[in-house]
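Enquirer: Residue numbers (the numbering used here), protein chains in the order written: chain A, 1 to 651; chain B, 1 to 246; chain C, 1 to 412.
Hints are supplied without guarantee of correctness; some may be wrong.
Unchecked claim - Below, simulated SDA-like cross-link-like pairs (lysine to any residue); rule was C-alpha separation at most 25 Å, straight line:
{"hint": "1", "chain 1": "A", "residue 1": "K466", "chain 2": "C", "residue 2": "L211"}
{"hint": "2", "chain 1": "A", "residue 1": "K69", "chain 2": "A", "residue 2": "F110"}
{"hint": "3", "chain 1": "B", "residue 1": "K89", "chain 2": "A", "residue 2": "Y444"}
{"hint": "4", "chain 1": "A", "residue 1": "K219", "chain 2": "A", "residue 2": "R320"}
{"hint": "5", "chain 1": "B", "residue 1": "K53", "chain 2": "A", "residue 2": "R320"}
{"hint": "6", "chain 1": "A", "residue 1": "K466", "chain 2": "C", "residue 2": "T336"}
{"hint": "7", "chain 1": "B", "residue 1": "K53", "chain 2": "B", "residue 2": "E65"}
{"hint": "8", "chain 1": "B", "residue 1": "K77", "chain 2": "C", "residue 2": "I241"}
{"hint": "9", "chain 1": "B", "residue 1": "K89", "chain 2": "B", "residue 2": "M178"}
Said to hold, decoys possible - Simulated coverage check for chain B against chain C, where a stretch passes if three residues somewhere in it have a Cβ under 8 Å from a Cβ of chain C:
{"hint": "10", "stretch": "77-85"}
{"hint": "11", "stretch": "107-116"}
These are calculated hints, taken from the structure and not from any lab test. In this text the structure is predicted, and so the values were computed from the model without any measurement. Ideal Cβ placement from N, Cα and C applies to all residues, glycine included.
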Amino acid sequence: MKNLLIALFALILSCASASAQDTPVQDLLQEHRALIEKSSRKTIGPAIDALARSGLPQMQTVLEAWQAKEIWQRQADGLFFRAEEIDRTTLNLFDLDSGADLGPTPDEDFKQLKPNSGIRAMIGTALVQFQLSDPDPAKRRDALIAIERDPESSLLAPLRASIDSEQDAAIAAQKRRLERLLTIGYDADSAARIAAINDMAGDLGLDVRATLNPLTSSKIMVVSGDVPAEWNVAETLKPGSEDLPAAEAYALLVAGGDALPRIDDDDIRAALIANIQGGSVGGVPVHELDNDDARLTAYAALAEAGVVPATATDADIDDRLAEYTFVRVYDETDPAITTAVEEALKSIEVKVGLNQTLDLTLDALSLASIYFLAAIGLAITFGVMGVINMAHGEFIMMGAYTGYVVQQFVPNHTLSIIIAIPLAFAVTFAAGVLMERLVIRWLYNRPLETLLATFGISIALQQLAKNIFGTQARPLTSPAWLDGSWVMNDIVSISYIRIAIFVLALIFLCVFLFIMKRTRLGLETRAVTQNPRMAASMGINPNRVNMLTFGLGSGIAGIAGVAIGLFAKVTSELGSDYIVQSFMTVVVGGVGNIWGTLAGAAMIGFLQKGIEWFNPSNTLAAQTYMIIFIIIFIQFRPRGIIALKGRAAGD
Amino acid sequence: MSTLLEVSGVSVTFDGFRAINNLSFQIGKAELRAIIGPNGAGKTTFMDIVTGKTKPDEGRVLWGEKSVSLLKMSEAKIAQAGIGRKFQKPTVFEDQSVQDNLMMALKKNRSPMSVLFFRATDADMDQVADLATQIGLGDQLYRKSGELSHGQKQWLEIGMLLAQDPRLLLVDEPAAGMTLAEREQTTSILVEAAKTRAVVVVEHDMEFVRRLNCKVTVLHEGSVLAEGSLDHVTANQDVIDVYLGR
Amino acid sequence: MNTHKSFVMRNPSVLYFLAMLALFTLGVTLLAEGTGTGLISTSFVKTLGKTLCLCLIAIAMDLVWGYCGILSLGHFAFFGLGGYMIGMWLMYERTRLIVTDALAQAEIPPTPQEIVDGIGTQIFGVVGSNEFPLIWSFAHSLTIQLILVVLVPGILALVFGWLAFRSRVTGVYLSILTQAMTLALSLYLFQNESGLRGNNGLSGLQNLPGLDDVPQSTVSIWFLWASAVALGLGYILAAWIVSGKFGSVVRGIRDNEARVRFLGYSVETYKLFIFTVTACIAGIAGALYYPQAGIINPAEIAPIASIYLAVWVAIGGRGRLYGAVIGAAFVSLISTWFTGGQAPDINLGFYTVQWVDWWLIVLGMSFVLVTLFAPKGIGGLVDLWIDRRAPARHGADLGPDDGSLREKEASE
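Please put together the full structure from these sequences, using the hints given.
Expert: Structure representation (structure tokens):
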């Protein structure tokens, strides 16, 4: 019943419009019928423009339908309709002006308009102006993205027109920004463009640079005599300089037809081979052709005879190059604009540099906190007991694998990490205490032997991990809330995991300071560090202190392992990747002082990032230079940045 | 009597603690001198400064007739210049024989090349044997020095010092842990040595100092408190205060 | 008188060693494929030849660690450098012959530049280049490269040692610093920009240029002999260095660095001397090793290799030259056996122990056990055999076990 009513209503409407002959859309379409029927990308432009500019409210639907290949033409009278295919042979027609449903019709008499992709894109552009003021904000945003992706001069006017009526503040700002960028690229008025350029100077967005950079595109031009005044010259180039090698400059001359080509050595050789006659070429015996001079002589003889094209000699090249002026000319002809663009780019570059420095600092900070985490356990055992634990890296690995195993049983990532951290501490604490009891305690005062014995343990543990977990990397997945990065702008960003590690390092620093300064264990540890014999005589059991210290150091390594495992792949070699850096941190920082370790970690982190910045493509080189720097640094501070001095260093 | 070693105005600070405070000290060419003082008076630090192990914050240390400054020289250079040092703990090379120990100490060119091509002559062997006899180890030449008794090690170390033929001998508590008989022999070795060279003995033991019968310097809190014969300094009220407490 | 005896009389072990080395070399020659009955395969002759080179570097390690107390974790870097130096010539010269041959077939004779470009493309094609880096300037000359085998490790050791010893870095610090040096070098060589073909390393070194007609079975015997001669000479040199007064001083440095300094010896110079000489020996050992191995790449220089070197010497017995030789030969051969898959698996019923997987664990643990219970290593057995008693030590616990660190720390 309801359907019937609607149909009836629609029928009345269509009759009404038809009777009034008020069909501007159809009229317009008919006006451009020839072009539309031809449906060629090259000629369709005016038709689409006419439709888009008509200002008719129905036009958006029409264009969308056209783009979606839903416009059909009745062969009989050439009228256009929107149609939906009901089945293979039947169409449901709609009137374009009124939108009225004209009911199912057999499709025999109708021909579908099939715009190709080029035309569909043009229609899309034309549609943008409607979408820019579409009531749906999502559509408006889509339109802006479409403009951004494919900017065009024709979009400038509708974009401008849509700004004032924009209600949504965020979209309005986006529109204004886009308007500035389009103005830079496409406004007819130079002054307006320069104003827009100046407006955007200092903006860090990649889109700004993407807009500005093409304006500075240039090509190298050759001219003999004066440079034409209409050329917007960026600079004059000297052939043979770094910017314009002589060979390249000469190639330009050759390409312009102004000079003889220089035949390259391989071609000369091929030409000579092709023209060997009776054991000689161009009068030169073949066996004498073992140097370039002889070959040139022979080739010149061939050229003389007209067998091969002549080649320019080095002297020719120099002479010719001297006759011409080489200039780099902007494609943009207005010098005012190129100057403004260059200046804007320069100011952006300065800002980019500053922000890159900030980004680098954040990176370095996060690297430093990783090294700090990895080294702090080592520093404790080395500082307190004078023992180098080569198996420290394997404790880190053990912690990471503990995290992996926990995740096999506890699928919730947040929960599993919360369980893994204390568990990793417990596992490596136990391993550390065991190792101290079984091995290290027998080797006190024999530091080099401790180093080697713990190395034995290290290779055994590493192989054991390989046997248990295999050689392939195991994932330790971080909780979802640690995914992603904190983005400040297009340049500065830092992932949440790294922030978490930084926080973890801070927590460790505080916990460590608390243990050392506020607890009995800390007091005893400090006493044993400074004077073991004296401490023993005061009733402190150095054995117990050593055991606990070693356990503590190892336990921290375990937690560091969980943290490192979150962003690095967990393999049996995880520990050895960090061990040398950890050693360096301890050595550079100075022994027996947490602040030293902190300073060491900071220095190594910043140093590594700094060197990487100079040579970003090559992290291997960065590590090489860093180690060399450290070796030299040790020259000046053999006992580290923060060294214990005087008698406290161990009398 | 001309001066062999002159230390003047020397101060050194460890982490805010003034171990040596404006110390001045002189010793002649053939003189026996005892330095006494309570613990922490700076006796060992004084020796460290003279032998180049510790660099003072300020002051001068001048050596020999030409008054060369010792402050710029390395330990090895200072030792080659003629200052020998005996440590409190007997430090001989326990893994090597008495003969090797003495041969190493014998005054010869110390550069690696000449040491590498060194071959002991008969004269060298005789000299080593003489020294061994002098320190009472004549029949122990081929024993590993690690097998020696504590006292024998002390003598071996003194023997090594004598082999170096130094012009100044710094001896740190030579009598510590010795039996009475061993002390007497040590005394005679030192007194004999002081006939041809300067000898500075740091000692706690007043009885031993008395036996040496020489000029005494009393150190306290890093500077000289008193100087003179033993009877003179023991009569000094300051010295009594320091040793016995007020 | 002790010191008046001849060098050999004072060091009877040198004669025993040389005799055994000669017997071994002759025996292998008689049993080898190329020259004898064929009982020993060519590849095993190469393994034995390489083992002799490893024994030579173990002697160097023993000099620097067992005698001088410097636990260097960098001697394999010198070994590798020696290998690279000879490898450059081998690779250049062989490639040159191949390229010259190939170009001689062409219709017109090549220019010198074409030959150089051809060699460059052959050698550096894998790293996307055909230019000769500066460090290859002398690769054409065997004489210069042979000198560089000694000179390059020597100069590196001299500069590094001078920096390290001058600032009185000792003990564990020094070990870590040497390890850092090794790591830096291997990381550097891993880069293509190093000019030594990055992680491809140098290859085809087993082929001697111009001697393609000589079968590998014969070449392997040549290298076995060369390695044996080098080992013999190295042993004599090391024994000579440590036997006299120099040896006394060096062992004194190991046991009590400060005391030696107060005797007037410039400890730094002596350490530098030993460090540099052993680096040169290591370079020679490497130059003989890699032509037998056929390939050298930066992984060979990784810090772990140098630590294994220390392991060999420790297991063999520090402070005695034959101990180092025994340790290197024993551990490296047995490692080859276990990791080569020849060792039979052990079936425990519930688990099969595969030695390829478990050998490193056994090695690691046995190393801990040796350190704990047999600090003298295998060489200690010789003491038991000839009933040589260690001196009963009184007073301070000095000796090789302490290294120099403790003395340094105790006195500063």
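Enquirer: Compare the structure with each hint and give your call.
Expert: Comparing the hints with the structure gives:
Distance restraint check for K466(A) and L211(C): the Cα-Cα separation of roughly 44 Å exceeds the 25 Å cut-off, and the hinted pair is therefore not satisfied. Restraint check for K69(A) and F110(A): the C-alpha separation of about 13 Å stays at or below 25 Å, so the hint holds. Proposed proximity of K89(B) and Y444(A) is supported: the alpha carbons are some 21 Å apart, at most 25 Å. Only pairs whose Cα atoms come within 25 Å are accepted, and K219(A) paired with R320(A) is accepted, the gap being roughly 20 Å.
Between K53(B) and R320(A) the CA atoms are separated by roughly 74 Å; this puts the pair beyond 25 Å, and the hint is violated. Using a Cα cut-off of 25 Å, the hinted pair K466(A) and T336(C) holds, with the two alpha carbons roughly 19 Å apart. Distance check on the hinted pair: K53(B) and E65(B) sit about 23 Å apart at the alpha-carbon level, within 25 Å; holds. Distance hint between K77(B) and I241(C) is fulfilled; the C-alpha atoms sit about 24 Å from each other, no more than 25 Å.
Distance check on the hinted pair: K89(B) and M178(B) sit about 12 Å apart at the alpha-carbon level, within 25 Å; holds. Here the stretch 77-85 of chain B counts 5 residues with a CB under 8 Å from a CB of chain C, which clears the bar of 3, and the coverage holds. Judged by the Cβ-Cβ criterion of 8 Å, the stretch 107-116 of chain B is covered by chain C as claimed, because 5 of its residues qualify and three suffice.
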